[in-house]
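Going down the list, the sequences are from chains A and G. The working numbering applies: residue 63 is where the first sequence begins, and numbers increase by one. The working numbering applies: residue 538 is where the second sequence begins, and numbers increase by one.
Source of the hints: derived by calculation from the structure; they are not laboratory data. Note that beta-carbon positions come from the ideal geometry of N, C-alpha and C, so glycine has one too. Check the hints yourself; a few may be wrong.
[Unchecked claim] Listed next, with one range per pair, are the computed distances between beta-carbon atoms: (1) Asp550(A) - Ala728(G): 50 to 58 Å; (2) Gln697(G) - Arg348(A): 54 to 62 Å; (3) Gln611(G) - Thr285(A): 17 to 25 Å; (4) Gly176(A) - Gln611(G): 26 to 34 Å; (5) Ile699(G) - Thr285(A): 24 to 32 Å; (6) Val711(G) - Thr285(A): 46 to 54 Å; (7) Asp628(G) - Ala242(A): 29 to 37 Å; (8) Arg616(G) - Ala400(A): 27 to 35 Å; (9) Phe244(A) - Thr579(G): 49 to 57 Å; (10) Leu656(G) - Thr285(A): 33 to 41 Å; (11) Val574(G) - Lys367(A): 34 to 42 Å; (12) Ile699(G) - Glu489(A): 52 to 60 Å; (13) Leu656(G) - Glu368(A): 51 to 59 Å.
[Claimed, not checked] Only pairs whose alpha carbons sit at most 35 Å apart, straight line, appear in this in silico DSBU-like list of lysine-lysine: (14) Lys460(A) - Lys768(G); (15) Lys404(A) - Lys394(A); (16) Lys607(G) - Lys155(A); (17) Lys768(G) - Lys346(A).
Residues per chain, in single letters:
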Amino acid sequence: MGEVIYLSRRRLLQLGGVTALAMAAGCATSSEEDGGDAASTQLVFASTSITNSLDPLIALSSVGTTFTTQVYDPLVDLGAEGKPVPALATAWKQVDDLTVEFTLREGVVFHEGGAFDAAAVVANIERVLSDNPAFAARKGEMGFLKGAEAVDAKTVRVTTSKPDPVLLNRLSRLHIVDPAVFDKDPAKVASGTGPFKVAKYEPNKSIDLEAFTESWRAPETLTSARLIAIPDSGTMTTALRSGEIDAVFGLPPAVAAQLKDFNVQAPPAGSCAILSMIPAVEAKLRDKNVRTALNLAVNKDEFVKEGLSGFGEVPTGQLLQPGYPGYDDSLKGFGFDAAKAKQLLADAGADGITLNIATTALFKQQAEIVAGYLTEVGIKSEVVIQDLATFITSLLKKSEVPLLYWQTDYFDLKDIASVSRFGPQPEGVQSHFENDDYTSLFAESGTEMDPDARAATIREMAGVLNAEAGVVFLAWPKTVYVHPESVDLGLTPNGNASLATSKKKS
Amino acid sequence: MATASLKRPDASRARPAVPTWLLWTVAVWAVRLAVTVLGILTLLFALLHLSGDPAAVMVGPGGSAEDLAKVHAQLGLDRPFLDQYLAFLGDVARLDFGDARGTGEAALPAVLAKLPLTLQLVAATLVVSVAVGLPLGVLAAARREGTLGRIIAGAAALGQAIPNFVLGLVLLLVFALWLGWLPSYGSTTPAHTVLPVITLALFTLARVVLLTRAGVIEALSQDFCRAVVAKGGGRSRVLWRHALPNAFPPVLAFLVTDTGYLLSGTVLVEQLYAYDGIGRGLVIAINEQDYPTVQATVFTVAVIVVAVSALGDVLGRVADPRVGRESAG
Chain A
63 MGEVIYLSRR RLLQLGGVTA LAMAAGCATS SEEDGGDAAS TQLVFASTSI TNSLDPLIAL
123 SSVGTTFTTQ VYDPLVDLGA EGKPVPALAT AWKQVDDLTV EFTLREGVVF HEGGAFDAAA
183 VVANIERVLS DNPAFAARKG EMGFLKGAEA VDAKTVRVTT SKPDPVLLNR LSRLHIVDPA
243 VFDKDPAKVA SGTGPFKVAK YEPNKSIDLE AFTESWRAPE TLTSARLIAI PDSGTMTTAL
303 RSGEIDAVFG LPPAVAAQLK DFNVQAPPAG SCAILSMIPA VEAKLRDKNV RTALNLAVNK
363 DEFVKEGLSG FGEVPTGQLL QPGYPGYDDS LKGFGFDAAK AKQLLADAGA DGITLNIATT
423 ALFKQQAEIV AGYLTEVGIK SEVVIQDLAT FITSLLKKSE VPLLYWQTDY FDLKDIASVS
483 RFGPQPEGVQ SHFENDDYTS LFAESGTEMD PDARAATIRE MAGVLNAEAG VVFLAWPKTV
543 YVHPESVDLG LTPNGNASLA TSKKKS
Chain G
538 MATASLKRPD ASRARPAVPT WLLWTVAVWA VRLAVTVLGI LTLLFALLHL SGDPAAVMVG
598 PGGSAEDLAK VHAQLGLDRP FLDQYLAFLG DVARLDFGDA RGTGEAALPA VLAKLPLTLQ
658 LVAATLVVSV AVGLPLGVLA AARREGTLGR IIAGAAALGQ AIPNFVLGLV LLLVFALWLG
718 WLPSYGSTTP AHTVLPVITL ALFTLARVVL LTRAGVIEAL SQDFCRAVVA KGGGRSRVLW
778 RHALPNAFPP VLAFLVTDTG YLLSGTVLVE QLYAYDGIGR GLVIAINEQD YPTVQATVFT
838 VAVIVVAVSA LGDVLGRVAD PRVGRESAG
């Protein structure tokens, strides 16, 4: 046995000093070099977060779409005003009410080298229809999608269980993944047909993209790009000003509005900011006078100016924006009339009523502005912040709070079908608008295959919702992108960043 | 074969190979670790399950009530709470916290992969605090009546009062934007570590300075220091070889306690600088209701904090032998 090492106080201090030096040296040498290529054709695109998965069936949020737009393609994309345009399918025809036949683009290859064909489409449709709970949200977007069958290598037939007038919109949300990577886990290994392929993925941190020159829509000038996550808006602004990043998405509107010396692009987000009114929580909301009073109580112009820093438009008393099927240009918004709102509340015996507003932390400021207006007309209103899961449960199932502030953009179908929460609901689920006419019209619009007849039905729905003040229309928000003059940030007709068409001056 | 022999010159009797107090300390801390981790995980399990339905996040706001019910059942969330808890404990015993949402990777290895970056921040903060704080504290004590001593003590008091998110924003403006010396975000190079470490270190450094100063001043007034001076010991020798070692135990105790605070403090700093450690990962996991990652992160932090406390207990006895004697009766 060796002798015991006696550690004195002095030796402890000495050892501490040596350890300190060793650690300092380690800190100075252990980290790897920054993987970014500083070449002038690389564009660094920042947002508050990046997708938590490379699998387009899981990457659902706006940052997920930012990623999938660069790396994957759907069969059909949505062009200006939500009209379907060719992507991986160059043509399509309705075979019958339940079947659409697609002609696929020739010469398309996946990033890993395999050819894109009908079998790949069939495999992707079977995958989204599987019972994997991770795909639940995307599967929900697919509506009545039933399956697909390859007619030949370049022709595929997609079937639905019921007539679906917005099948093409739904398929614009299904990005085609190379079946060769199904076994490798598409959450971590990406292979699509888009203009960029993934060179490196560090979850929650960054995605390095390389131009895929064999893509049918190869990048115009960029050779690489980097998507990065910077959660703090102050840091993001500093990085933009210092030139470390080239473009940002997701800055709070108030911060974006302060960046006067940068270019700001603000395409419509394709959504409507609204207050849902839940009669099951507060019976007074069954009274049309009360619902109308809430619509009149909010100054929508000021709301857009203060709550969205001007990045939005005042709705014309309907959910859908101009250009969308069923938009009714004869409808008018409710305007702002606090005196009339007070009178209507008094007539309904609802003056002094308590109507709190539930929302998520993301929309806290906007909800507080609305609560302020409601307070002005004598309604007691406070904002209740819920975590995302609780709020979604409140939204989809049961709320304890009478008003919900949210935006209808989550489904992103660019169609009234995306605002399913006002349609028919199963038993035990709270209704956001108790109106039999509206729910039956909603159901009708969901299966009406004639475009004109369907547009007429949607216009009728908009009329009912407006006449009954079934929801408080607040704003049509815009998506905000900020970049310097030296960057020409391309956007898709759908309002997503398109790095393939972006340019960067050296 | 030569054995490292650092036996104390005046030791009059052989010491046991492993001191009894060390065995007891290890045993006590092992039990404490198990109880603490179990308690934290139980609390976390309850809180997370009360805070919201993870199935709702998977279905999303565009889903339907039927979709929600189906995913709820697929995840086993319709099972009795106790069944879920017991299953969870069984998994934890195997260090299996499940797979992270999104990437689908096993949660604990994913957290451990990010841990070195966070530990690097914490270690660098402690190193900077000790390497700079101890000399400044000694200097402040030696010159306590002079201008330099007052400036150091005043600056340290001010350093304790500045919130680190304010400091972080100021540092970003100065060093990343105005001077352009350092990157504003990221965690890939040593340069990325500088601003986060300064942000984290200011409070700890200030405390080390003030504790060292107070300890050295007190030691200088004691007989053993006066005796060294009377025997002709130089001022420098008295300060560094006699006063500082006596002032060190409270500093060490503070650093041990502060390690836990630093680990939690990294959450804010990592968010601010987009630094890819476990603190930022925790925030993202909470936002996404990613239970496996939240639980794996909290488990990892709990183990580290308890282990550091145990290590601090051992080092505290070494730094101040009176602790061992007192507890030995």
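Verification of the supplied hints:
1. Asp550(A) - Ala728(G): 50 to 58 Å: violated, 30 Å
2. Gln697(G) - Arg348(A): 54 to 62 Å: Taking Cβ atoms as reference, Gln697(G) and Arg348(A) lie about 58 Å apart, which means the hint holds.
3. Gln611(G) - Thr285(A): 17 to 25 Å: Once the Cβ atoms are compared, 43 Å apart, the range 17 to 25 Å for Thr285(A) and Gln611(G) is violated.
4. Gly176(A) - Gln611(G): 26 to 34 Å: Cβ of Gly176(A) to Cβ of Gln611(G): about 31 Å, so the range 26 to 34 Å holds.
5. Ile699(G) - Thr285(A): 24 to 32 Å: Distance hint for Ile699(G), Thr285(A) is violated at roughly 44 Å.
6. Val711(G) - Thr285(A): 46 to 54 Å: This hint is violated: roughly 34 Å between Cβ atoms.
7. Asp628(G) - Ala242(A): 29 to 37 Å: holds, 33 Å
8. Arg616(G) - Ala400(A): 27 to 35 Å: With Cβ atoms ~51 Å apart, the hint is violated.
9. Phe244(A) - Thr579(G): 49 to 57 Å: violated, 39 Å
10. Leu656(G) - Thr285(A): 33 to 41 Å: holds, 36 Å
11. Val574(G) - Lys367(A): 34 to 42 Å: The hinted range 34 to 42 Å is violated for Val574(G) and Lys367(A), with Cβ atoms some 52 Å apart.
12. Ile699(G) - Glu489(A): 52 to 60 Å: Distance hint for Ile699(G), Glu489(A) holds at roughly 58 Å.
13. Leu656(G) - Glu368(A): 51 to 59 Å: violated, 44 Å
14. Lys460(A) - Lys768(G): Not OK: Lys460(A) and Lys768(G) at ~82 Å, beyond 35 Å, violated.
15. Lys404(A) - Lys394(A): holds, 21 Å
16. Lys607(G) - Lys155(A): It holds: about 34 Å lies between the C-alpha atoms, which stays within 35 Å.
17. Lys768(G) - Lys346(A): violated, 91 Å
Violated hints, in rising order: 1, 3, 5, 6, 8, 9, 11, 13, 14, 17; the structure is consistent with all others.
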